[in-house]
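**Q** In case you want the letters, here they are:
There are 2 protein chains.
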Amino acid sequence: MFHELKVSNQHIGVITMDEAQAPAQTRTEENIIYIGRKPTMNYVLAVVTQFNSGIAEVTIKARGNSISKAVDVKEIVVNRFLPALKEKGIRTSSEELTNEDGTRSKVSAIQITLMK
Amino acid sequence: MFHELKVSNQHIGVITMDEAQAPAQTRTEENIIYIGRKPTMNYVLAVVTQFNSGIAEVTIKARGNSISKAVDVKEIVVNRFLPALKEKGIRTSSEELTNEDGTRSKVSAIQITLMK
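If you're matching them up, the sequences are chains A and B in order.
Every position in the first sequence, counted from 1, becomes a number in the numbering used here once 43 is added.
Every position in the second sequence, counted from 1, becomes a number in the numbering used here once 43 is added.
Each pair may be met inside one copy or between any two copies, as identical chains are not told apart.
30 Å max Cα-Cα, derived DSBU-like pairs, lysine-lysine:
hint : residue 1 : residue 2
1    : K81       : K129
2    : K149      : K159
3    : K159      : K129
4    : K149      : K131
To be clear, the hints were calculated from the coordinates, so they are not data collected in a lab.
Model the full assembly from the supplied sequences, consistent with the hints where possible.
**A** This is the structure in structure tokens:
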């Protein structure tokens, strides 16, 4: 019931998956990595690159079906690349979106924060 | 890379999704709800029923693609049915599984614990 929402961009203040894919690799903003439809390793590398550039804290965000991929990204980053990282916290939430036909749907979201 | 694993039951000590679906509604064990391929609301009702039967703490567990559904279940339980519940913690992990062809794969898992 939460899946495959058609989202009208005007109604939501957050970045959508398609926007997240537009620039170079993955869109980053205030040390946030938004998980979209790219291969998991793209996001893993984005997180690792952020930490290697000296940033002390990175948040991985995802909605709907991408939540599973966000957990994959976190597990791969910590287990394979940066085992010294600490988990600052995992939060889940519900976001209300307006569909193209004007109806409103809720979608679950996750936010995983890692720090050096 | 973590998705659609064919798992040989002999090699893993944990319950698989298919086993989880076998009995009546959803298999529960020590107040654990395993998320599988049933509709989200089945698991929501399983969690709500556990709490209504007097249990003080319920853990929602999922692996792979079902992780997103586990977050949906938690959000629906808390937002729509039992707003007084507290979140005891969310943990992610990696589990290594042996595929049918003998190769080994890792799959991400999530564990969400709610309490009264």
